[in-house]
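J.: Now for the letters of each chain:
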Amino acid sequence: MLKKIVLNDLKGSKLVSITIFSFILFASFVLSTVGIVAVNLNASINLFLEKSKAPHFLQMHMGDFDNERMDKFAQNNEYVLDYQALPFLNVDSSDIIINGERFSENSQDNGFSYQSENFDFLLDIDNSIIYPKEGEIYVPLVYFTNGNIKTGDCITVSGLNFIVKGAVRDSQMSSMLSSSKRFLVHQSDYEKIKHVGREEILIEFLLNNRSSIDLFQSSYFKADLESNGPTVTYSIIKLMNALTDGIMIAILSLIAFLVIVVSFLCIRLTLVSKIEDEYKTIGVVKAIGLRLSIIKRIYRGKYAIISVISCLLGLIFSLAFSGYFLQNIRMFFGENESTFPAVICALAGAVFIFLIVMLYVNRFLNKLKNISPARAINKGVVSDNVSSLKSFKLREQNILPTDIFLGINLILTRKKTYFTFILILIIASFVIILPNNIYSSMASDIFITYMGIGNGQVMMIFPGMNDLIDLNTVLENDPDIEEYVVYDNKSYEFMLNVNTVSKMWVTLGNQNKFPLLYTVGHAPQQNNDIALSYLNASSLGKKVGDSLTLIIEQQKKNFVITGIYSDITNGGKTARAAFSDDSKDSLSKSVIMNFKKDTPIKEKINSFEKNYPNAKIYHIESYRDAVFGSTLNSIKTAGITGMILSIGLTFLITLLFNNMLVVKDRRNISILKSLGFTYKSIRNQYTAGTLLIVFVSIIIGMILVNTIGQSVAGFFIQSMGIANFKFIPDLGFVLFITPFCILITVFLGINIAYRSIKIIKVSDYIKGEV
Amino acid sequence: MNKIIEARSINKVYGSENNQTIALNNVSISITTNEYVSVMGPSGSGKSTLLFALSGMDRIDTGSVYINGVSLHEMNENNLADFRRKKMGFVFQNPTMLPSLDILDNIMLPSYEDYKKDKSELIQKTLKIMKIAGIEGTENRKITEVSGGQLQRASICRAVLHNPEILFGDEPTGALNSKSSEEILDLFEQLNNNGMTILLVTHDSKVSARSKRVLFMKDGTLESELIFQNENLQTRIDLINEKMSVLGI
Ligand SMILES: Nc1ncnc2c1ncn2[C@@H]1O[C@H](COP(=O)(O)OP(=O)(O)OP(=O)(O)O)[C@@H](O)[C@H]1O
Ligand SMILES: [Mg+2]
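These protein sequence lines are chains V and F, in that order. Reminder that position 740 of the first sequence reads as 740 in the working numbering, one-by-one numbering, no gaps. Reminder that position 173 of the second sequence reads as 173 in the working numbering, one-by-one numbering, no gaps.
The set of hints was computed from the structure by calculation and includes no laboratory data. We put the CB at the ideal spot given by N, CA and C, even for glycine. Errors might be hidden in some of the hints.
Stated by the list, open to error - Okay, derived cross-link-like pairs now, BS3-like style, lysine-lysine, Cα gap no bigger than 25 Å in a straight line:
1. K119/F - K393/V
2. K680/V - K128/F
3. K664/V - K179/F
4. K761/V - K87/F
5. K761/V - K86/F
As the list claims (entries may be wrong) - Not close to chain V: a few residues of chain F, all C-beta gaps over 12 Å, as computed:
6. N19
7. D82
8. D105
9. E139
10. N140
11. A159
12. E242
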């Protein structure tokens, strides 16, 4: 008899069983995929960094370079294993001709290099070291993947023709987060084109031990060696390489987590209503002394079968389709040698899902113990979590129509039943809003100030030129410029502690125009004010109000730290001050400007480029897109995926939940019908209740996004050097599109589900009652 | 005399082709205003089916039912629902109350829409009826906080609050002890004396003896009827029992 009950249940609840099956399948698919991608990403990057022998410490330098002194330093330094100085030729994009046309990719600093001898090798897509012949050129991988350049193209630099032979995998510069890109040519060709650009030196060190990078870094600065340019360390190289795929992994993990939660809620929902339906049966079974363990065994068997099959299928799918997620990793870092760990990880993911489902089902079935046979038989219903509310009475309210009152009353008196549904709606709105908030924040104008650049339209950087024709007069007299600021970038020594001196990149100028985003404090105003970047402040352990001693003209001078700002330029460790100092040469000058309305910015940039061939000129919007473009795209993809997924899920759950609700409530419904309530009126009651729930859930979802969601997103983004990240939400999307989508979905779902109210016959549920 | 209910050769079959139950077999019945009729018969004879058919809660296969001369057949679902709410009252064997409302709200629920403008009048009226039914003081309780008899009396209050033209009852005292049962039958008699038409279904001769006409049903057909004049209660019970044994019920 018991077998029959459960078999009938399996047959009768096809929709439910299929839903649970698909959720478990999807959860195990996503989790296994996360496992595969994470293992592959880590293994591939490590293998790639190993094969390319990425440097542990890299100092870019523009200007005079004392080779002998550096050699001596490297030989005498206890941490150094190997050292090399590699030239990198900065060439303006307009000087690079591809198949007869100027190269359009000017948001990147393009440059030329030849293969190094000892380490920091540039690899081809098979991860072997490239040795180009004369007349051959290998181009940065991104230009290959985005279709700008292909094999066989002809690149002309200062009249010299090169044939494109392939792509370069570059451990330091492949990532879009790095603003420089290296083209690889033969050394003799390099010498021939040297005069077109400005040569920069990459001073690279391989250390005995990766853990001594920090110690080495301070010894390097203390030695007062060449340092006119950004510093990059191994961990930053690794981070930059991992970021884009890392974000994908993070988002997939989030989705897996949510799907698991939703599957549980779904299982809970079905078990709860099943048990309530079977309450009487279970009571009878207990009363006549049958063992409950039989029922439990059969239910457990049912879920074991469902979850074994679905987890297995999920695993198989993840193994079959992980290729899609691995494309990017394969392209940028190469095939990982052994697939075994990935398979193990995927298997672990699937097994994990299986175990957790079974644990959950088991825990739930244990609740059967608590059913008292006497009460089950007498009342026939679980005390049903229903209670009339003392203070919410039909006769005491004047505002709501009766139907709406009854609908709301239904929910308020059965919060437990509705809990699952509310939770799923909250999750859905969370998943829809969060990625969109991250996206809109990173895509907004203000976000640029998080990157350490003022919110202007165009930025110009003049490398190391004090003798520049008077920049201020030129800018002042340009009729198109609305406002501008000129900054002096200088390198100052400062007291790391009482007797250690280190160096710091300081930007001098008016910090009030085009202000940055100060996470704490404010911009420096007085001559003895200074502000530090977030990464700088945290590595020095400084806070607002602390003092910092710079060495200016051999004199120690005390500064007060007035603020801390977000910055990702120049390795993220910078400082800003308002004083001026003519005694020291500038490393570079930078200008930020806004144009008057209707100024054609592109043309303006072109004319600047002509007038100042040495300057780097950025359209700030494009610059941001170039740096964060691929990250933004990942987020957008994740957002759209999340949205589709959530809406599908919401629809399914709405259908499922409300179907069950109607079945559960058929007695209530037939009572209402016998009292003369029409189908329409009863449907309105349920609709009113559901819409209230949707409304509340969306609001809770929004609140969660802005609290938990913001902290979690901020935590990830902080690793890039962006501190105190605050959402800049797209209000139209959050306040209108999201609620509208969810509402429409739920509305469709309940419209289908509530049709069954119509066919409930009064006679069926009232007549035959014992 | 006005015919309040008239059914002409109604038929109702349950089930599919090879497993059919003929629940109503060519039943014709007519009830005049202010009558007090009870239907008796063994279990499964089609009493409940008849009641649901006459009140329009269930569709019939063939035949027609008229209430106050209006054919139920020609009304749509919504009109039927309105009709039920305004003109009919129902009491079932087990109380049918919504657990999410308290007693007073439950009783007022079907009348509520019609008294929107003057709720206090409705409340006064309800309290009066509750007093007559002997359940004053329970209005703020949950439905689980009163006894079965009290709940059934509340159901009756709900059924008669809007002053229906006809009151249907399907074993209204079936779940009650004899004392509660008596009190409820007293209530019915009082309502009938005030002009309400009542149709009860029961298998208890003590209950049907309180009505003025008893119909006997067997296997979906109306077999016979008894009409009472001024017999005393015991005589009526004897007459009914006699009739039943003749019919083999
Ligand atoms: N929904 C249904 N489907 C199939 N058969 C039904 C259905 N409802 C009632 N029946 C059958 O129709 C017949 C009449 O049922 P009905 O409920 O009218 O009997 P009743 O006289 O009210 O019995 P009782 O005194 O036990 O309440 C019975 O044989 C019953 O089995
Ligand atoms: Mg019956």
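J.: If a hint holds in the structure, say so; if it does not, say that too.
T.: How the hints compare with the structure:
A C-alpha spacing of about 13 Å is found between K119/F and K393/V, which places the hinted pair at or below 25 Å, so the restraint holds. This hinted pair does not check out: K680/V and K128/F have alpha carbons roughly 32 Å apart, beyond 25 Å. Restraint check for K664/V and K179/F: not satisfied, since their Cα atoms lie roughly 35 Å apart, outside the 25 Å limit. A C-alpha spacing of about 20 Å is found between K761/V and K87/F, which places the hinted pair at or below 25 Å, so the restraint holds.
Between K761/V and K86/F, the direct Cα distance comes to roughly 20 Å. Compliance with the 25 Å bound is thereby established for this hinted pair. A cut-off of 12 Å between C-beta atoms confirms that N19/F is not in contact with chain V; the least separation is 17 Å. With a least CB separation of 7 Å from chain V, D82/F falls inside the 12 Å interface cut-off, contrary to its annotation. With a closest Cβ-Cβ approach of about 4 Å to chain V, D105/F is found to fall inside the 12 Å limit, against its non-interface label.
With a cut of 12 Å on Cβ distances, E139/F falls inside the contact zone with chain V, its closest approach being about 9 Å. At roughly 8 Å from the closest C-beta of chain V, the C-beta of N140/F falls inside 12 Å, breaking its exclusion from the interface. A159/F, annotated as away from the interface, has a beta carbon of chain V within 12 Å; the closest lies near 9 Å. Look at E242/F: its CB is around 29 Å from the nearest CB on chain V, clear of 12 Å, so calling it non-interface holds up.
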